[in-house]
Structures are given as C-alpha cells and as structure tokens.
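Peer 1: Chains as they are written, first to last, in my numbering: chain A, 678 to 1205; chain B, 675 to 838.
It is possible that part of the hints are untrue.
Using 27 angstroms as the maximum straight-line C-alpha spacing, the simulated DSSO-like pairs for lysine-lysine come out as follows [what the hints assert, rightly or not]:
#: 1; chain 1: A; residue 1: Lys679; chain 2: B; residue 2: Lys829
#: 2; chain 1: A; residue 1: Lys679; chain 2: B; residue 2: Lys800
#: 3; chain 1: A; residue 1: Lys788; chain 2: B; residue 2: Lys734
#: 4; chain 1: B; residue 1: Lys829; chain 2: B; residue 2: Lys734
#: 5; chain 1: B; residue 1: Lys763; chain 2: B; residue 2: Lys679
#: 6; chain 1: B; residue 1: Lys734; chain 2: A; residue 2: Lys679
In case anyone wonders, no lab produced these hints; they're calculated from the structure. Note that this is a predicted model, so its numbers are computed, not measured.
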Amino acid sequence: MKWSRRDVIKGLGGIPILGAVWWAGASNAVSKNRERTAILEQLNIQPSLPSAVKAISGDPVRVGIIGFGIRGEQLIRALGFATKEWLEEMRLAAEEDPNHSRLEDFMNQDKLNVKLTAVCDVYDVRADRVINSFSTEDNKVIRFRTHQEMIRSGKVDAVIIATPDHWHAPMAIDALENGIHAYVEKPMTHTVEETYRLKEVAEKSKASLMVGHQHRQTLSFQTAQDIVTKGVLGHISLVQTNTNRNDDNGAWNYHIEDEANPQTIDWDLFLGSAPKIPFNKNHFFRWRKWWVYGSGLSGDLLTHDYDRLNCVLQMGIPSSVMASGGIYTHNDGRNVPDVLQVNMEFPQFSTGSSQKKGKEKGMTFVYSATLGNGFNRPTILMGHDGTLELGNRITVWPDSSSTKYADQIESEKMKPSVPVYSYNPGASVPDAVSSATSQYFADKGLMWTYINGARVDSTFLHLREWLSSARNGGAVSCGINEGFEEAISAHMAGLSVKLGRRIKWDAAAQRIVPIEGINFDEVLLSGM
Amino acid sequence: MTETKGKWHLKHSVVFMRVLIGWHFLYEGVVKLYNPDWTSFGYLATAQGPFKPLFLMIAKEPIIGWADTLNWLALMFVGITLLLGIFEKKGALVGIILLALYYWAHPPFPWLMQVNVEGSYWFVNKNLIELAACMVIYQYPTGQYFGLKYLFNKKKEQTKTETL
C-alpha cells in the first residue's frame, strides 16, 4: 500500500486543524481561568455561609403576637403560622401560575420549636383571625386586651411587637422589665427619650431583644462586610442608598377594611400616647403617614438602608445629619415627607487606605428617597479603589484611578467597565471577571437567595436567631446596640428635616447635642 | 463536463463548510471542558418559548451537572467527527440535535424578549442556519474526499485490487 503526499493531506488533513483548535481552546480557557484565579486570590473575598444557630431545644417557646396587621401577619408566617385565608389565596395563585412558589416555600420552611399562645390587637377582626387560624385542640390562642396583661399573664415567654411606631418602645420596655423576650419591628423607637430609656432597660434585662432588621441575615451583606474589611474598595468616601417607589401601597395608602368601626376597634388603646382625636379609619390603617404614630420615610425606610450599611460598615451613629424634603407626591393630608434626602456625616470613619497615610478619612452616607418614581437606583459604596453595588447580589468594579489596582488596570488585566467580582448566594461559585452574559443573568435577579438549595425567608432566619438566643443565651445580630444606632440616626434625620438644621451627635455623652429652646421629642411628634 | 465541475465545486464547498462547523463545535466544547466553573445554568434558567418548563427542569440539581457534561461531550464529538471526516453522519446528527435544543431554549420569536443576542433575528437565527448546514453534511458526507474515511476507502480499494 503506497501513500502519496496527496493521500496524507486528504486523509489526515483534519488532524492538524483539530490539534490547533484544541490547543487554542484549551490555552484560552486555562489562561482566562488563571487570570480569574489570580484576581480572586488577590481579592481574597470569603463568601459567607449561613451562620449556625443553636437549636431551640426543650419545651416550645411560647410566643405572643402584639399587632396582627400587615407586618404582624408576615412575621407570624415566618414563624410557621399562616392564616387559612392566606393558604387558600396562595393555593389559588399557584394553581393559576405554576411558578408561584410562595406556598411551596412556606411548606418547605423548617419548623421552629414554638407555640403561638397569645394575641393582642386593638382590632377585633385581626385578633379573631389569629384565634381562628392558629388555635388547636391542645393550644387555644388567648386574646389579651393590653400588652401589659399579656406580658404578665404567665402565658408567654416572648412577644413580637408589630404595632405602630409609637407603641414599640413602651411595649418593648415593659416586656424586658418583666423578663419577656421581645422582637420589635423597626424603627426601634418613636422618640429620642424612649431610645435612651430602652437602651438602659435592655442592658439590665436578661431577656433577649431583637430589632426587626431581617436583612442582617442576608448572606450577601455578610460577604460585603468581608470585602470592605479586606480593603478591596479602598477608602469609601460616599455611600448612596435609595428608596424608589411609585405606588399607593408603597406610599402607605393601605386598604381600609369595611369591618372597621368604633365597635370593632379599641380606638383609645390605639391612640395611646398620641393626641386624643375622634375615631378615624384613615389614621388607623394608614398610620405611617402621621408623625404621631409613625415616622415616615426616615423611620420606615431610611432605617432599612441605614441598618443594611451599618451591618456592612459598622459606622455607628453619624456625627451630624442634614436632611431636607417635602410632601410632593402624595398631598393627601399626610404630614410626613414623601420625598426626603438625608446626608449623614462620618468624618472619622475609615475603611483603610491604599494611598499616602492621612490623605483619606471620613465618609458621607446619602439616603435619597421618593415615593413618586420607581426607577431602581442601586445601593452603591464608592471607594478610591473600587465600587460595590449591594443587593442580594454583590458586584464590584475596580476604579479607573485606583492606586491598589493601578498595575492591573495599566496592563488591562482589570478593566473599570468589567466587574472584578460578583457574588450570588444562589450560584455555586463566586464569579470573577464575569462576562457580559453572566452579568446580564445576575442583573435579571435570577440567582435567588438559596441556602442548601432552598429559597429562604430572611425574616424566618432572624426570628430563629432571636428565639435561639432567648432559649440558649448569646448575642443577636440586631440587638439593642444596633437598634440604638438605627433609632438615633433616624431620629436625627427626622429632627433635621423638620428644623431645617444640622443635628449633631455627642459620642462621649451618647446623647444628641441639645439645641437651646427646642424639645426634640415635641419636634419629632409634630407635623412638617 | 460542466456537471462534473459543478460537483467538484460542491464537494469542496461542503468540505470547507464541514471543517468550519467542526472547528466551531470543537472550540466551544474544549473551552467548556477546560473551564471547571462553566455551567449552562444561566442559559437554561432564562429559557423562553414553548419548551421553557423542560429547560427549567434541566437547570435543576442534579440534572444540571449531567447536562453540562453531556453538552461539552456532544460538542466535542461533533467537532472531532466533522474535522476528522469520520462518522460524520453521526456527528452531523448530534449537531442537529444540539442546535435544535439551543434554538428552542431561546427562540427568536418576535413576542419573546431576546436575551443577550448580538444581532437582529426574526424566527431565523444563526443556530437555525448552522442546523440547516448540518443537515447538508448529514446528506452529503465528504469524509471520503477529505478525512480519515479517504484512507479507509483507499485501503479497501487496494484490497479489492489485490484480490482481483
């Protein structure tokens, strides 16, 4: 058998092409991986895993719910109790849309060792809903008229406070003074004075206090903390957070129920310390719109963003706050602003520096909110060396003028337009130098928050941590110190927007610097 | 004579096309093989069109691991067979199946949102065109002109001559 050159080319010509393509593909993939790994190693970011919580062993913790409104119902559901109405609604929703998985998520949620024993709600309809949905043969949910009665009844070990803001501190203080564990919704307090008082009480009490900032459980925030601590971003001089809402629900115009009337609502009890006014359904269901019961954007939504960042940066209480705003989008009788801009100053704050010592120090935290536009402005942390976008996902971009990454940017190993790090709790590996495609998928929010493959409600994790601490002792992730910082910062913003002045914090005295002739709490409770 | 010349040109064109498609498939396969973190999760999770539930099912654990492995294996099989000119009918068939899957995962239908595409398409996109090209290769194998098949044929021919 004779082989001519022609035979060899015709028969084996494909082999060198195959070799060349293989070599090109392999070396390309390997070198990209190597660059990726080198960057990841340099950044050395450790994606957070869910923290282990000691089991709630022994007898079930007996929990009482105070306030079964919108948030109260969500909290109780996170605790493992869903009303019949909600279950039916979700069943129908899932029937209509197979992708609607809230019922499935609820069913898959771990069961907590708790017993819902008591309810306290000034509105009969809501109290009855709790009793009808959650009473069982061997555990009848008892209704108490006041929180004092519930706390002293001997029927509860712990209470969840999901009332209007003006009731938060009085109830939390009463619970803690009586050794009852308390989970209190944000903002922790309604006035400055009660913030100081709650701190004193909580520090003395053996009972566990948790403030309802459930995002403390979000894994991405814990990862962001690692990123900042390791100096990936360099010196952060500006943090920008936002509220962007453009709907009635977002502007606190909640549904007003027909069954509500002076017979079904204990109006005097609802008012509590608030000025005595005649029965008003609008005030009852939409209390967030008036300073006497709520605290508008600064108490309801700024607190979320402030605490999110305080969780990542641990910046504490600002040395001063300036705020401005007005009622520009929902002029419907409310007296809390619906557009609000808050600047918090932290002149001593530092996240480390890659530049000459002493050149960089201090940071401004900006909260910008409107209830008249829903464009999704992200939360961003702006450092000399990089920018971090914070959400359920994290994306980090190097800065074009970074000192730390100057060499990599010069050699084009890093590009300012391409993220150097992106983190998805739902994806198996963190992705460095992500491609346009994976960035697109990340932006679509496709990578859900997963723990071991299951989508988990952070409120559930937050409640579990609180109950575990109640049973076993140990710190909580949003206790009195975090709550104190959150409440004081929010109150400083509320005071500033009303007074049109800079409000200062005296860190040594742990008090807001007094302004002569001004009673802060009177100002906080008054309208704009 | 004209017909023979036409066939000669066709033969070369198909060989050329076969090599390009093999090249493309092999490269896609090798790149995935050498990137341990590569996954089709994002591609599948964003699937649209009538077969969306099927693709979403594949995107779940543990199927996704198998799907990823099968994907690069199949890509490389197509690449190798088309480049070497052996079992090219089988290669073309696997290519057709792969391309059909890619096409249906993100079909370029006007009522669906086009996810991450670099051009403008209306029902027809490059996946579909490459699929059609694989059909041609399936129907018009060219391994006997350029490829390992050529050597086998030559061997057979010689054996035949020797027996005669």
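Peer 1: Against each hint, give a clear statement of whether it holds in the structure.
Peer 2: Hint check results:
no., hint, verdict
1, Lys679/A <-> Lys829/B, "holds (10 angstroms)"
2, Lys679/A <-> Lys800/B, "violated (43 angstroms)"
3, Lys788/A <-> Lys734/B, "holds (25 angstroms)"
4, Lys829/B <-> Lys734/B, "violated (49 angstroms)"
5, Lys763/B <-> Lys679/B, "holds (25 angstroms)"
6, Lys734/B <-> Lys679/A, "violated (55 angstroms)"
Violated hints, in rising order: 2, 4 and 6; the structure is consistent with all others.
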